[in-house]
Amino acid sequence: MSATLAGHSRTRSLHVPFSLRRRRPRDFDRPRFLRVFFWAFLVFTFAPLVVVALFSFNSTRSLQQFAGFSLQWYEAFFGNANLRASLLASAEIGLVTMIVGTFLGTTLAFGLVRARSRVARAGNVLMLIPLVTPEIVAGVSALLLFTQIKMELSLATIMIAEITFSISFVTVIVRARLASLHHEVEDAAMDLGATRLETLRLVVLPRLWPAIVASAMLVFALSFDDFVIAFFTTGESPTPLPVQIYSSIRFGVQPTINAIGTFMLVVSFLIVALAIALPRIFGHREEESVLIGREAA
Amino acid sequence: MTATGEAIRFEGVTKKFGSLTAVEDLSISINRGEFFSLLGPSGCGKTTTLRMVAGFEQPTEGRIYLDGEPVEHVPPYERNVNTVFQSYALFEHLDVEGNVAFGLKRRKVPEDEIRRRVAEALELVQLTGREKQKPSQLSGGQKQRVALARALVNRPSVLLLDEPLGALDLKLRKQMQVELKSIQREVGITFIYVTHDQEEALSMSDRIAVMNEGRVIQCGPPEDIYERPTGEFVAGFIGISNLLSATVTAPGRVRVANGLEFPVSLPNGCKAGDTVNVAIRPEKIAIDEEVTDDMVSVDGRVEARVYLGVMTQITVDLGHGARLVALEQAWHRARADDRWEPGMRVRLGWEAKNCLVLR
Amino acid sequence: MSENRFAHLMLAPAGVWLLLLFAVPLGIVLAVSLGTTDPVYQAVYGWHPGNFADVFDPRFAPILLRSLLYAVATVVLCLVIGYPIAYYIARFGGRWKTLLVAVVVLPFLVNYLIRTYAWVAILSDEGLVNGLLEDLGLSETGIRFLNTPWAVIGGLVYGYLAFMILPLYAALDRMDPALIEAGKDLYGNRWQTFRHVTWPAAFQGVAAGCVLVFLPALGDFISAQLLGGPDTYMIGNLIQQEFLEAQNWPFGAALTIVMMGFLLIWMLAYLRSAARADREGAL
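Residue numbers (this note's numbering), protein chains in the order written: chain A, 58 to 354; chain B, 790 to 1148; chain C, 119 to 401.
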């Protein structure tokens, strides 16, 4: 059929108007290959997570056959005192890191945007380096710090290390938002009698809030999920959940881990959902692109 | 210490940003209740001067006195001065009422007084009824008025306005100019108004300071600035100015390049052979039948014609590079658009006393 | 208080924190790398640059080279897989673009450990795939997926793919589709259009993505640990071992410094090219 058509177009090419002549569509006109690739990609990337989630409800130990629905692995998870302690520890770490990291990151963002001096420029560089430091370097340096100052490893040391590496994320996000706010509004507030601190509280913070909330959620997720830094800076017990998981996996696959994994999965998704939803409650739509921008940065 | 009626005094104020001098040796005083304008092209230092009065910049040298007190180290939030910003700078997350009440709340004014004064201020700018609206719901002109109300409600001793009407369309701008002037008279507060629009400055001000490259070139009432500019810059910046280059031939007489000689009043110190600039305002030039015998007259060719509706502006070539711009208001003709063609011969004339000689 | 002073005051808390708890520790790593240990494994400072010589000892060469190889392979695979995805969304996503990007990135928001574990669960000898293969009669003893270089590389790709897709998408999205149309008319063929129109615009995104994947991939040890074995050890595993098992801190620190130094070169090169691109103006 196509040969006939081709033959047709060859003989007719001089007589048929351009618009009616058949042209073979080029690959980038017709994204069929790309579309297939895209959906295959999605299947491959989601599949492992789906599998883990599925088998976390499996009534047997098997990872090959789904025998029946059961919550036993979740019972094993929440019933285990050790694991519960780890969960609590991770939550604590996440919360403390979120609060301190967000505070430090926000003040740093404000300082970097407004300060003019060599010190400020150096501070900017100092802030950017943690973002490109491989986690293992982060972990190693934190470990050495604590041992050299003779500080015992514990949840506190994990928190300190996590905070150190979360500050930069907050600063980058908040600074982007801050830079887009009109400086004149702060002048106006001071002109009307507000001190610098009052201006910050009454005029800047309300506009900055969505970025702060988004970055806080991000910091919580990152520190709750973090493994490498925690691995190097953790004490004996309790250890955060990811460290527990790691130790368990070393002994081979265990069904309880499916439950823990699924649980952490859900928590991660919830945090992201919050990070996107909360700023919207304050009525600003650009925050999700801020998050994506962060990853791209 | 205070000369009575002096709201602000600058003494030798200089402001440098690194190697850039934004304001140089500024020494003027502004009277209480005056509508005072800072007029000049972009970069002349007028906004920097305003910011120094507001407290956002500190002078590198010199002193500034507000109501007789030196204020170089007083922060903006402690000065009895308020600013209306070019971009309005309204607080987007507060409504109109919240914006206007902001300054009063900072000063811990009691609640009921706040409500009363806010209502007064909104009435003054004709925005009563919009208390609960957010800035995003307002038009440019309305935002402008909120900014004005927000500043005035605090009863500052000086109100600073930084090109507040720049973003408005022509009709609205003219309307706001009239309103601003009448509000100023009603409230009696000293206004310092920064603009690059000389028409605006001329129509609204009690006094104008013309600035260029950081310096005040001339300071005085609008008529002085317009009718008696002290130099080429002011003459050229305000209105259209015709400048004819001329040589002094005898005390009180000059000759222009094309041979025309006429009497003028020369400033002191001019002697024969000096080169001066003779300035004549276009509206002071008579055309054709308007030229009388006692005027200095000259013939030329029409080079260009601009129809402005209200009047026609013609550029006349007098020969030897001399040219004059003249304005004709067509009060004696029903239609003026076909009056002038390039190439036509025309006679121009002016009274000798209407010339100004600039060195 | 002047604005500048106030701003510096705001800078201070985080600045001091980063200085003391980030910069100083890095210095300590350097100091330890030049030191040695006493009999109870406490670090002793001194001048022993020999630790660095040890790093380049032939014993460890395979590990270093392997890390480099795996990291490069990861970058290449991420590029090959990520580019079509980013291109597809940028060019054909329409109003669903942001949503598509979010969906694509979603799995990567899950803990890296969990994701790696998921592949362990699926690919292990008792895992899902082997189970399916046995059930379908395709294999008797099962295929060994884990403990192979490809498993490790696969784990690395799965770990860092998002860092390639996002910058690529950002760069491609910024590109004007009208340019491609013009290119098609001008060059008439796919390859030329790609080479002269698409590639220059995409290059910034590609460079960013490669750096953002290469840097963490080189120092990774989780994939190698969980999906591989002693034969697939990377430099990260070595470092981890020296610190947490062998207690040979000076050597571990030296390894860390060498790795950091190597990565720094690429980081600086990227920053320099990014700054140059900014100056010349993005397309």
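Do not take every clue at face value.
Claimed, not checked - Some, not all, of what chain A presents toward chain B, calculated at C-beta under 10 Å: (1) A177; (2) V229; (3) A233; (4) L235; (5) A236; (6) S237; (7) E241; (8) E243; (9) A251; (10) T252; (11) R253; (12) E255; (13) T256; (14) L257; (15) V260; (16) R264.
What the hints assert, rightly or not - Using 20 Å as the maximum straight-line C-alpha spacing, the simulated SDA-like pairs for lysine to any residue come out as follows: (17) B:K1073 to B:D1088; (18) A:K207 to C:L137; (19) C:K215 to A:L265; (20) B:K894 to A:P88; (21) A:K207 to C:N122; (22) C:K302 to A:P88; (23) C:K215 to A:L254; (24) C:K215 to C:I298; (25) B:K921 to B:R906; (26) B:K923 to A:E243; (27) B:K960 to B:I972; (28) C:K302 to A:R89; (29) B:K923 to A:L91; (30) B:K894 to A:L262; (31) B:K805 to A:S174; (32) B:K1073 to B:T1038; (33) C:K215 to A:L91; (34) A:K207 to C:K302; (35) A:K207 to C:D156; (36) C:K215 to A:V93; (37) B:K1073 to B:S1054; (38) B:K897 to A:L254; (39) C:K215 to A:F94; (40) B:K1142 to B:K960.
Please keep in mind that the hints were generated in silico from the structure rather than gathered at the bench. Owing to the predicted nature of the structure, the values given are computational and were not obtained by experimental measurement. We put the beta carbon where it would ideally sit given N, CA and C, even for glycine.
Here is what the structure says about each hint:
With a cut of 10 Å, the hint placing A:A177 at the interface with chain B is violated, because the nearest CB-to-CB distance is about 16 Å. Restraint check, A:V229 versus chain B: the minimum CB separation of about 24 Å is more than 10 Å; hint violated. With a least beta-carbon distance of about 18 Å to chain B, the hint placing A:A233 at the interface is violated under the 10 Å criterion. About 15 Å separates the beta-carbon of A:L235 from the nearest beta-carbon of chain B, more than 10 Å, and the hint is not met.
The beta carbon of A:A236 is not positioned within 10 Å of any beta carbon in chain B (closest approach about 16 Å), and the interface hint is therefore violated. With a least beta-carbon distance of about 13 Å to chain B, the hint placing A:S237 at the interface is violated under the 10 Å criterion. Below 10 Å, beta-carbon pairs count as interface contacts, and A:E241 has one with chain B at about 4 Å; its hint therefore holds. Hint on A:E243 holds. Least Cβ distance to chain B is approximately 9 Å, under the 10 Å limit.
The closest approach between the C-beta of A:A251 and any C-beta of chain B is roughly 5 Å, which is under the 10 Å cut-off, so the hint is satisfied. With a cut of 10 Å, the hint placing A:T252 at the interface with chain B holds, because the nearest CB-to-CB distance is about 6 Å. Because the beta carbon of A:R253 sits about 8 Å from the nearest beta carbon in chain B, less than 10 Å, this interface hint is met. Below 10 Å, beta-carbon pairs count as interface contacts, and A:E255 has one with chain B at about 7 Å; its hint therefore holds.
Interface restraint check: A:T256 against chain B, minimum CB-CB distance 8 Å, threshold 10 Å, status holds. Taking 10 Å as the C-beta cut-off, the interface hint given for A:L257 is violated, the closest approach to chain B being about 13 Å. Interface restraint check: A:V260 against chain B, minimum CB-CB distance 6 Å, threshold 10 Å, status holds. The interface hint given for A:R264 holds, since its Cβ lies 7 Å from the closest Cβ of chain B, which is under the 10 Å cut-off.
Under the criterion of a C-alpha separation no larger than 20 Å, the hint pairing B:K1073 with B:D1088 is consistent with the structure, at around 16 Å. Proposed proximity of A:K207 and C:L137 is supported: the alpha carbons are some 19 Å apart, at most 20 Å. Distance check on the hinted pair: C:K215 and A:L265 sit about 26 Å apart at the alpha-carbon level, beyond 20 Å; violated. Our distance criterion of 20 Å between C-alpha atoms is broken by B:K894 and A:P88, whose separation comes to about 61 Å.
Between A:K207 and C:N122 the alpha-carbon distance is near 38 Å, which puts this suggested pair outside the 20 Å criterion. Of the pairs offered as hints, the one joining C:K302 and A:P88 holds, with about 16 Å between alpha carbons and a cut-off of 20 Å not exceeded. About 41 Å separates the Cα atoms of C:K215 and A:L254, which puts this hinted pair outside 20 Å; it is violated. For the hint linking C:K215 to C:I298, the alpha-carbon distance of about 19 Å falls within 20 Å, and the restraint holds.
With a CA separation close to 16 Å, the supplied pair B:K921 and B:R906 stays within the 20 Å bound. A hinted pair counts as satisfied when its Cα atoms are at most 20 Å apart, and B:K923 with A:E243 qualifies at roughly 18 Å. Only pairs whose Cα atoms come within 20 Å are accepted, and B:K960 paired with B:I972 is accepted, the gap being roughly 18 Å. Between C:K302 and A:R89 the CA atoms are separated by roughly 19 Å; this keeps the pair inside 20 Å, and the hint holds.
Between B:K923 and A:L91 the CA atoms are separated by roughly 47 Å; this puts the pair beyond 20 Å, and the hint is violated. Annotation: proposed proximity of B:K894 to A:L262 holds, straight-line Cα distance about 18 Å (limit 20 Å). Between B:K805 and A:S174 the alpha-carbon distance is near 17 Å, which keeps this suggested pair within the 20 Å criterion. Proposed proximity of B:K1073 and B:T1038 is contradicted: the alpha carbons are some 24 Å apart, above 20 Å.
Restraint check: the Cα-Cα separation between C:K215 and A:L91 comes to about 15 Å, which is no more than 20 Å; the hinted pair holds. Distance hint between A:K207 and C:K302 is unfulfilled; the C-alpha atoms sit about 66 Å from each other, more than 20 Å. Annotation: proposed proximity of A:K207 to C:D156 holds, straight-line Cα distance about 16 Å (limit 20 Å). For the suggested pair C:K215 and A:V93, the alpha carbons sit about 17 Å apart, so the restraint of at most 20 Å is met.
For the hint linking B:K1073 to B:S1054, the alpha-carbon distance of about 16 Å falls within 20 Å, and the restraint holds. Between B:K897 and A:L254 the alpha-carbon distance is near 16 Å, which keeps this suggested pair within the 20 Å criterion. Under the criterion of a C-alpha separation no larger than 20 Å, the hint pairing C:K215 with A:F94 is consistent with the structure, at around 16 Å. Simply put, B:K1142 and B:K960 have alpha-carbon atoms about 36 Å apart, too far for the 20 Å limit, and the pair is violated.
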